[in-house]
Amino acid sequence: MTADGTKVVAGVTPGKAGEKLDEIPVYSAVKDAMAEHRIDASVIFVPARFASAAVREAADAGVPLIICITEGVPVLEMIHNYSYVQERGLRLIGPNCPGLISPGKCKIGIMPARIHKPGGIGVISRSGTLTYEVVYNLTMAGMGQSTCVGIGGDPVIGSNFIDMLKLFEADPDTTGVVVIGEIGGEDEEAAADFIREHMSKPVAAFISGRSAPPGKRMGHAGAIISGGKGTSEAKVKAFNEAGVPVADKPDEIPGILAELLQAT
Amino acid sequence: MKVHEYQGKQLFGEYGVPVPVEMVVSTADEAAVAAEKIGGTVVIKAQVLVGGRGKAGGVKLAKSPDEARQRAAEILALTIKELPVEKVLVAPAADIKQEFYLGLVLDRNTKSVLLMVSKAGGVDIEELAVSSPDEILKLPIDPVKGIQDAELKKTLSAVFETPKMLEQAHDTVTKLYQLFVEKDCSLVEINPYGLVENETLLALDAKVNFDDNALSKHPEIEALKNLEEYSADEIEANKHGLSFVSLDGEIGCIVNGAGLAMATLDIIKLYGGSPANFLDVGGSSNPEKVLNALSIILGNPKVKAVLINIFGGITRCDDIAKGILMAMDQIDIKLPLVIRLIGTNDKEGRKLLADRGLEVAESLSEAVEKVVSVA
Chain A
1 MTADGTKVVA GVTPGKAGEK LDEIPVYSAV KDAMAEHRID ASVIFVPARF
51 ASAAVREAAD AGVPLIICIT EGVPVLEMIH NYSYVQERGL RLIGPNCPGL
101 ISPGKCKIGI MPARIHKPGG IGVISRSGTL TYEVVYNLTM AGMGQSTCVG
151 IGGDPVIGSN FIDMLKLFEA DPDTTGVVVI GEIGGEDEEA AADFIREHMS
201 KPVAAFISGR SAPPGKRMGH AGAIISGGKG TSEAKVKAFN EAGVPVADKP
251 DEIPGILAEL LQAT
Chain B
1001 MKVHEYQGKQ LFGEYGVPVP VEMVVSTADE AAVAAEKIGG TVVIKAQVLV
1051 GGRGKAGGVK LAKSPDEARQ RAAEILALTI KELPVEKVLV APAADIKQEF
1101 YLGLVLDRNT KSVLLMVSKA GGVDIEELAV SSPDEILKLP IDPVKGIQDA
1151 ELKKTLSAVF ETPKMLEQAH DTVTKLYQLF VEKDCSLVEI NPYGLVENET
1201 LLALDAKVNF DDNALSKHPE IEALKNLEEY SADEIEANKH GLSFVSLDGE
1251 IGCIVNGAGL AMATLDIIKL YGGSPANFLD VGGSSNPEKV LNALSIILGN
1301 PKVKAVLINI FGGITRCDDI AKGILMAMDQ IDIKLPLVIR LIGTNDKEGR
1351 KLLADRGLEV AESLSEAVEK VVSVA
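Keeping their order, the protein sequence lines are chains A and B.
Using the numbering used here, the first residue of the first sequence is number 1, and each one after it goes up by one.
Using the numbering used here, the first residue of the second sequence is number 1001, and each one after it goes up by one.
Read the hints as simulated data drawn from the structure, not as lab findings.
Among these hints, one or two may not hold up.
[Said to hold, decoys possible] Calculated from the model, a selection of chain A residues having no Cβ within reach of chain B, i.e. all distances over 10 Å:
no., residue
1, Leu21
2, Gly89
3, Leu167
[To be verified] Over the 12 Å line for every Cβ pair with chain A, so calculated as not near, a few chain B residues:
no., residue
4, Val1033
5, Glu1036
6, Lys1060
7, Leu1076
8, Glu1167
9, Glu1199
10, Ile1333
[What the hints assert, rightly or not] Within a straight-line C-alpha distance of at most 30 Å, the following computed BS3-like cross-link-like pairs (lysine-lysine) qualify:
no., chain 1, residue 1, chain 2, residue 2
11, B, Lys1347, B, Lys1002
12, B, Lys1207, B, Lys1055
13, B, Lys1138, A, Lys249
14, B, Lys1154, A, Lys216
15, A, Lys229, B, Lys1002
Please read these numbers as outputs of a predicted model, since none were measured by experiment.
Every residue, glycine too, gets a C-beta built ideally from N, C-alpha and C.
When you get a sec, could you build the whole thing from the sequences and use the hints?
Shown next as structure tokens:
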């Protein structure tokens, strides 16, 4: 992350206080690090068993932006974590996500920075590597990105599509947005309604899982079609009705966006 | 993770939710003995992890132990939605005066445990939700606050009209909720929740699903896992830490990341091919995983070609390439392999493969087009 422009001021590992990693001081607790530095964000890589405790610790210390990369956090724990972070007026991204990057400025996550390029496209995704695929196609087509956020593949996550769409709509550096959704839940449908009502910037979408069988969990804990809800058809329909074109393949996205941007 | 009705009812029993006196058996003779012990008319129910067993002939009445033996034999010979029936539950045929529905489900939209209650129990609740949604009353329970008794009473009193029934339902929901949060369930359902003699309400069925992410916290629940829920390949893949789902096509797939894996399957279909599986090798850089993934996929006789699609982030392309080469040394690979490598250390990975005469595609569309044409 330091190589990609991020100012990492402190690390936290219980029992490792006083040590240094690549010249970065390590503390035993988030509050100890907060006492010594100005901290804008915290990124959590701890194993699933300890992830909830880490999210709460960061929240207790008042870190404004908490990004949880960890996969496999129990859903009921996440509901508690969500309330905990909300009550304190903080923002949580993830869990089960690649983090976020503003190319050329800052990266808080695990994505390969070199496939990105600074520019005006905002990317919001429930996936990790699929986001890289889309970003790679944008970069190859000469379309740089303002910020790319992986919001996570779990059923309950800290921030959803709408939370991110609001930020991109308000961001002067963003000219257009790509939403990468997948089967399961109804977040994409809600995002489609929001886009129709509140977004002035053009949005293109991609939905993965069109060929998934119902009832089976496709890797992501959130990617399951149950009781006829959460199907790709419903999501594609919702986007189309909101005037958001849905690409069939990731490499179609740059062309679709270019057309939308030209029309505005 | 799903469990059988009888396992769900055992959990209900542990939490004090009233269930009928019944026995689970795995042979026709044992069913006859169970019917004898229970006495009177019994109902014999197939224990399978899918819905719709009644329509498939998996639920039958028997008036005598002999008839129970016969009916159990018929049911044990069934295969319902590809799952063979291995156990049956023998229960007294209750004189049901009315059937209700009770369910708790983890609801991602409201971020709550959603209680659903209906007077129209005994039918497919998902059909009911579409045909007459007003018949299902809903109450979101915030897990941070727990059940609010006054709210619960208000919801339940619209369905359970007498004080005795209301009291029983209130107690049952409270206990089900306790089970739900203590064992990290994703669904707990009683359908039908039956009214029998003496105005008694009983759980006449049980459907309990668990959050896979929480299984490591509950070894006693993980021990209930029924391997028939998964295909042999899924079980093998799981042992090696691979996320795998069997599908019925011809193109084996190895991808890193669940979203990209799903998108890869979609694009294979878009180009007219049919995927044989979903496989996410995960974010680690262990060449062994690629070897294991390839051996599982090549063991599937339906597979005609294999697509490996890797977009390296924390996964390093050179490690994936090493895994592919390791597999080539250890397994005789006769099928066409189409490989697409990009991202972290892709140059190194491509070089390793090129040195062994393997071609590597750069774009996903190109790779998919190729694998569909050779399959």
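We went through each hint and held it up to the structure:
1. Leu21: 18 Å, holds
2. Gly89: 16 Å, holds
3. Leu167: Per Cβ check, leucine 167(A) is outside 10 Å of chain B; nearest 21 Å; holds.
4. Val1033: Valine 1033(B) clear of chain A: closest Cβ-Cβ about 35 Å, beyond 12 Å.
5. Glu1036: 38 Å, holds
6. Lys1060: 26 Å, holds
7. Leu1076: With a cut-off of 12 Å, leucine 1076(B) remains clear of chain A, as the shortest Cβ separation is near 24 Å.
8. Glu1167: 28 Å, holds
9. Glu1199: Glutamate 1199(B) is indeed farther than 12 Å from all Cβ atoms of chain A, at 32 Å.
10. Ile1333: 24 Å, holds
11. Lys1347(B) x Lys1002(B): Violated: lysine 1347(B) and lysine 1002(B) sit about 44 Å apart, past 30 Å.
12. Lys1207(B) x Lys1055(B): Distance of about 17 Å is within 30 Å: holds.
13. Lys1138(B) x Lys249(A): Violated, at roughly 39 Å.
14. Lys1154(B) x Lys216(A): Violated - the C-alpha atoms of lysine 216(A) and lysine 1154(B) are around 36 Å apart, more than 30 Å.
15. Lys229(A) x Lys1002(B): 19 Å, holds
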